[in-house]
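Make a model of the complete structure from these sequences and hints.
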Amino acid sequence: MQHIRTIKKGNLQELEHKGCRECQASCQSACKTSCTVSNQFCRQVETKS
Amino acid sequence: MACSNGRAGDVHIFKYRGTQLVYDVNSGSLHQVDDLAREAIELLRDRDEKEQAARYLSRRYPPGEVEEALEQINALRKEGLLFSPEPRLQEEKTSPRGVKSLCLFISHSCNLSCRYCFNRRDGRDQSLSHMTPEVGKKAVDFLLQSEGGHFREIDFFGGEPLLNFPLVREIVEYARERTRSREKEFSFTLTTNATLLDERSISFLNSEDINVILSLDGRPEVHDRMRSFKNGRGSYKTTVKKIKRLLQGREGNNYYIRGTYTRKNLDFTKDIRHFLELGFFSLSLEPVVSSAEGIGLKEEDLPALEREYDRLVDLYLEFRDKGTPFQFYHFLLDLERGPCLYKRLSGCGAGEDYLAVSADGSLYPCHQFVGADEFYMGNISDGPFAFNREPGEKLAAAAHRKEACRQCWARYLCGGGCAASSYFAAGDLEKTYDLGCALQKIRLERALYLQSLT
Numbered sequence: 001m002q003h004i005r006t007i008k009k010g011n012l013q014e015l016e017h018k019g020c021r022e023c024q025a026s027c028q029s030a031c032k033t034s035c036t037v038s039n040q041f042c043r044q045v046e047t048k049s
Numbered sequence: 001m002a003c004s005n006g007r008a009g010d011v012h013i014f015k016y017r018g019t020q021l022v023y024d025v026n027s028g029s030l031h032q033v034d035d036l037a038r039e040a041i042e043l044l045r046d047r048d049e050k051e052q053a054a055r056y057l058s059r060r061y062p063p064g065e066v067e068e069a070l071e072q073i074n075a076l077r078k079e080g081l082l083f084s085p086e087p088r089l090q091e092e093k094t095s096p097r098g099v100k101s102l103c104l105f106i107s108h109s110c111n112l113s114c115r116y117c118f119n120r121r122d123g124r125d126q127s128l129s130h131m132t133p134e135v136g137k138k139a140v141d142f143l144l145q146s147e148g149g150h151f152r153e154i155d156f157f158g159g160e161p162l163l164n165f166p167l168v169r170e171i172v173e174y175a176r177e178r179t180r181s182r183e184k185e186f187s188f189t190l191t192t193n194a195t196l197l198d199e200r201s202i203s204f205l206n207s208e209d210i211n212v213i214l215s216l217d218g219r220p221e222v223h224d225r226m227r228s229f230k231n232g233r234g235s236y237k238t239t240v241k242k243i244k245r246l247l248q249g250r251e252g253n254n255y256y257i258r259g260t261y262t263r264k265n266l267d268f269t270k271d272i273r274h275f276l277e278l279g280f281f282s283l284s285l286e287p288v289v290s291s292a293e294g295i296g297l298k299e300e301d302l303p304a305l306e307r308e309y310d311r312l313v314d315l316y317l318e319f320r321d322k323g324t325p326f327q328f329y330h331f332l333l334d335l336e337r338g339p340c341l342y343k344r345l346s347g348c349g350a351g352e353d354y355l356a357v358s359a360d361g362s363l364y365p366c367h368q369f370v371g372a373d374e375f376y377m378g379n380i381s382d383g384p385f386a387f388n389r390e391p392g393e394k395l396a397a398a399a400h401r402k403e404a405c406r407q408c409w410a411r412y413l414c415g416g417g418c419a420a421s422s423y424f425a426a427g428d429l430e431k432t433y434d435l436g437c438a439l440q441k442i443r444l445e446r447a448l449y450l451q452s453l454t
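Protein sequence lines, in the order shown, are assigned to chains A and B.
Anchor point for the first sequence: position 36 equals 36 in our numbering, and the numbering is continuous, going up by one each time.
Anchor point for the second sequence: position 297 equals 297 in our numbering, and the numbering is continuous, going up by one each time.
List of simulated lysine to any residue pairs, SDA-like, C-alpha gap at most 25 Å: (1) B:LYS78 to A:ARG5; (2) B:LYS50 to B:TYR61; (3) B:LYS15 to A:ARG5; (4) B:LYS244 to B:GLU286.
If you are wondering where the hints come from, they were derived from the structure by calculation, not from laboratory data.
Quick caveat: nothing in here was measured; it's all calculated off a predicted structure.
Rendered as structure tokens:
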């Protein structure tokens, strides 16, 4: 019986070839008070897809 | 491998609308669990002793199922998806790099008189209201000379940047000319109250594919209460008319309707619904940054706000289920392909990746610190290697020292919160703005829940 269902496998432990810092520095929201980095996108991923 | 403190690892366990979820902090993974798995994870989180957990759970559940659940937990652990360890970062990638993004005060003036505006300059020198082409071009050169990477960003900000629209055009054209070789690439965003959009600016913004952030607060009475022209007349009608005209000429979602909610509209889901009725589907709604009486949010509003974000989830699902989903900024979450951990640790990048430039070229960590003398970082004329980095480094260092953040389950989703909120609202860069944190976590739990429905 399945007691745990993995919904999403997070990518935080994938560190190789990461840290390029090409992603958007500021969030799309104007007054950036509620900037959550998790709402943004990885450019490497966007470029590949 | 257990943590050195005898705990298995860092997880956030919560229940929302009957769904039990476990968010693994260090990997960013999300799992749905039944009662047995939840209890097992809670026990192991607090004390990583498998046999002890098994004995305790076997008093409450069939031993065979207990063994199953513990094996499944162990398998996820081995895969690095549950109780994952603190990641080991490469030092050089966590060090500051060149500035890659500038927020330009194209004008400090504005044709509106919004009650909550952070840009009220109350007695500060207004003599240089518009940025000059010289400063604007220096900003482009600054970014081009700045080290590292390929992408650069400019936000046209203010005040109201359309009051000085010719400079927006000049900067874009200059940047395009300087990047013909494609060695660097610029993206542009313009934040505007939309009231001054005309055929000329609309045509330019659309043909140049400039991202636009359009300030609209919601229902007419909500918007007009806060956002009036200088003569006191509400700006809703003009704003909506202009936004519709702009969006007619652009395809896709490279815009955000960006609303601000205050104490006056704690029922803000009605404002989101209003946006949808207007045909606007790319939405962002932020809590007001203000302590003004009757406007600023208070701790006692949290229960009402929590319920309101629940209503927003209902609305989100209503539209999704009828085939017309809308985008809500704070519900955007890509756990599998989102920004890497280095990005998470850099937060919004204020003071390091990202600076604000006032009309006279003065540099500050972000738009909210403009005019705050102790955060002055020099002038754009200093260039990207000689400006004063110290205030920015102070910001980043303080963010990493925030005690509340170190243990917070949301730390890699939030990125440390807003330095300006810490400084202006909480009184210290190393303090957290508790109300902001609470709202952040409310939104994140709902965003995680929505992931479980995909």
